[in-house]
Structure formats: structure tokens, C-alpha cells
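Using the hints provided, position chain B relative to the given structure of chain A.
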Amino acid sequence: MRVSGSTQVAAPVDHVWSVVSDPGRALSYMSGVTRWEVEGEQRTGLGARYRVLFRIGAAEVGGLIEVVEWDEGRELAWTSVLGIDQRGRWRVRELSGGRSQVELRMAYGVAGAGLFGWLAERVAAPTMSAHLRRSLRALKRLIEHEQLRERAAARRAARTA
Amino acid sequence: MTGTGLASAASRNGHRDSEVADPRGGASGSLVGRLARAVASQVQQRIPRADLDERDPDYIREKLPLMWLAASIYFRGEVRGLGNIPESGPVLLVGNHSGGNLTPDTTIFTLAFSTFFGVERRFYQLAHNLVLAMPTLGALRKFGTVAASPENARRALETGAALLVYPGGDHEVHRPSWERNRVDFAGRKGFIRLALEQDVPIVPVASIGGQETALFLTRGEQLAQLLRVDRLFRLKVLPISLALPWGINVGDMLGHIPLPAKITIETLPAINLRKEFGPDPEVQEVYDHVIRLMQDTVDALAAERRFPVLG
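Protein chains in written order, with our numbering: chain A, -6 to 154; chain B, 139 to 449.
The shape of chain A in the complex, shown without the other chains (with noise of 0.2 Å):
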């Protein structure tokens, strides 16, 4: 099953993807998500991989996800090595006037459950479209304050030299 959305954000690129990048940053705007741990020495980039969990339902649900492509600034993407089937990807792409378009997929699934697997995936996919939209929405909210105080620090710096 698949879910995915997007959403503009006042800040430039860079200022986007250095928050999607950061594995320490998961929990802060993630919605539903319990643990985004790195596992191992390497924190980020190809190969990087972490522990997450979901809350959905009775569970909290996911596995050791390890990055498989990372296009520095524009996007990166994830699959799962143990625990339920995932897929992932964060697609970052510039627009004019500094802003941004962020773009979240996620892909999940037990492979070989049948029919029950099938409908779980239906019965989760409300669940997961909704702690999608609430992440995406927190990832704009928590970019674009960052992006007022950065403002309002450098007015107050100019104002005192």
C-alpha cells in the first residue's frame, strides 16, 4: 500500500533538507513515530541506516530501514532490511521566491500475508495517510518558524550594530 503528499515550504532547500537529512530530527515532526534510531557508525547518506517504529493500532510497527539512494539536496530514499516491508522517499525541489516543494512517499506491506495482509495494508492506509499529512504539515510549521527566528535574530543583530 501506498500513501504519499506534499507541501510547499517558505525556506530554501537547503534549509529542508538539512531537517528531512537528520535521522536526530525524525521525532520532532514525524507524527506517529516512536523511535528513528541510527544503527551503527554512519549517522547519514548512502548506506546510513536506522530503527523506526510506528504506532499504528495495537503495534508499534516497522524494522531496520537502511538509505538506498541519496541525491544530496534533492532526495533520498529508504528500504527495509528486517520487519515489515517499507519503502520510503523524501524528494526536495527548489521553487522561485526561495520556498521549496517536499515531497513524502511511503510504501509498506508484509509480503506473502494474503488476504489478511491485504487488508490490513486498507485498514492501516487512513492511519498512515493521516500521521503523513500531520508529519508533513510539522516539517513545514517546524521549518518556517525556524526560518522567522533566524529573520528576527538577524533584524535584532542589525539593529544593535
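Simulated from the structure, these hints should not be mistaken for lab results. Check the hints yourself; a few may be wrong.
[Unchecked claim] Each pair of labels, with its calculated beta carbon distance range:
{"hint": "1", "chain 1": "A", "residue 1": "T27", "chain 2": "B", "residue 2": "R430", "range": "54 to 60 Å"}
{"hint": "2", "chain 1": "B", "residue 1": "W384", "chain 2": "A", "residue 2": "V74", "range": "31 to 37 Å"}
{"hint": "3", "chain 1": "B", "residue 1": "R412", "chain 2": "A", "residue 2": "E32", "range": "26 to 32 Å"}
{"hint": "4", "chain 1": "A", "residue 1": "R149", "chain 2": "B", "residue 2": "R218", "range": "32 to 38 Å"}
{"hint": "5", "chain 1": "B", "residue 1": "G298", "chain 2": "A", "residue 2": "S122", "range": "53 to 59 Å"}
{"hint": "6", "chain 1": "B", "residue 1": "E225", "chain 2": "A", "residue 2": "D7", "range": "33 to 39 Å"}
{"hint": "7", "chain 1": "B", "residue 1": "Q363", "chain 2": "A", "residue 2": "R(-5)", "range": "55 to 61 Å"}
{"hint": "8", "chain 1": "B", "residue 1": "G325", "chain 2": "A", "residue 2": "A104", "range": "42 to 48 Å"}
{"hint": "9", "chain 1": "B", "residue 1": "G298", "chain 2": "A", "residue 2": "W63", "range": "30 to 36 Å"}
{"hint": "10", "chain 1": "A", "residue 1": "Q140", "chain 2": "B", "residue 2": "A277", "range": "53 to 59 Å"}
{"hint": "11", "chain 1": "B", "residue 1": "R412", "chain 2": "A", "residue 2": "V74", "range": "50 to 56 Å"}
Just so it is clear, CB atoms sit at the ideal spot from N, CA and C, and this is done for glycine as well.
Just chain B now, with coordinates in the frame of chain A:
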């Protein structure tokens, strides 16, 4: 699934076969007595030898969606505090048991454990012999369910696995519904001796809601003695309940359709016995401590519930 105390030994798996042929089983000469012993013998033969290798991570993984659907939609399950379980290594998970012969708390906890740590982490559960002997429940062995015995428990922990035990076993799981929020291990302390012997932490797992899946009336201990099922099948109880679809349900041998009671489970911080109780802990003191922690937690979970069944 009905768990059982470690004190009660399995018949096969290196344990007493003699109970089946116990000449003191009464009515030895009567037709009823011979018939009962024949049935008991058949049941005992069905009990598989414990083989930890029967646990099948791929099978569990493929069943997770079904378990998730049942746990999330039917029982509105909620499992808290799984982060309290050590990330690796052997650990003894000690739960209170509810729900008669169909125990939703076990299913929901197995789902939660398997999704939280991954099906790759070895996880076994001890269950009563008769549960494993039931024809339709043989698949439980693929989930890592093995007959309850001290030997099986030791072997599971020696592999570095997490092991879930229900010391209260059949005594607790068939308690009357008006005792639904009571943790009752019936004084069984084998789990503490096991944890000390294997030097593994105990993680209490408190649950609530299972005893609202039917109206459990009595354990029927005297009935069990009268009909001698205690000697023949190692069953200390012959419970009577009001349950779907039977109405009056004696023995619960065919199971029942559980009411969709909300199940909440809370996993408590690990207890490292020698660290907390000294190099030679007193078993009774540890037992009282575990019971107190679990009862406090069940009381808190009960306070959250506004309605029976609905939660």
C-alpha cells in the same frame, strides 16, 4: 492460550508420564474410568515434544497482519512500555493471565513484541500441555509456544531468547470475572527460581481486559476433583462461564467467542534480581515485590477504564 505455572510439569518433554496410568486414578475398573484413561492417554500422545526449532519467524511474520487486525480492531489493544524490555539477551517476561482458554492478552503481546523487536528476536511462550495438544492449535508451536516445564524454560533462556510465562496459569486464567483486576499467581514461585538460576532479568507484564471477554463464574476446582480431570489431564480446574456461543460453558475445552473487550498491557521496567535484592535474594520477598508491582499497575489500568468490555 492457557499458560501454566512452572511448578506444574509437562508430562512428556522429560516429565511425568505416570500420571496417565496412575492406578489411584479411581474408578480403575469401571468403564467410565477406563474410557477416561484412554482419552487421557490419547491426549498425552498428542502433546508434541518440545522443539525450540519449531518456532518459525517467516510464519509469524506472515501472520502479523491477521493478529494486528484482531488486536487493533476487535480488542482495541494497547501495549505500553515495550522499551522497558532489554534490547537483547535472555529475559523472563512474567505476565498475569486472563480470558479463559482463549487469551487475547497473549496474542496481543506476541504481536506487539514481534513488531517492536522484529520476528528475528527469539521469543518463546510457555503454555499448558492441553493447549498444545488441541488439533487446531498446533500452529502455536510455530509462534514459539512450548509446553510449560522448567526444562523447556531453561532451554529457551539458554538460547538467549525472551521467554513469556504466566505463573498463575489455569488457576488465574479462569478466575471469576469479579476478580478480573486481581493478579493471582496462586503462590507459584518457580519463575523466580528460574530467573535466579539463569541469572536473567524479570520483566513484569501487566494486562487488563481479558477477564471481560466472557462472564467467568467459577474455576470449578471441586468439579475437577470430582471428575478426576486433575489426575487424568493435570487440570486443577474445570471452569464454568457464560460465553458465546455456548451459553453455559463448562470446561471451555472448545473455546468460546470472546467478547470484544479492550485489552491494555503495560510492560514494567526490568528487575535485576541480584542487583536489587542482593547476591542471594529471598524468593518470597521477590515474589511479593513482583505481585505488588503488577497489582499496582493493574489497579492503575483499571482506574482508566470507564466501562466493562468497552474499556
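Check: Looking back at the numbered hints, which does the structure fail to meet, lowest number first?
Finding: 1, 2, 4, 5 and 11
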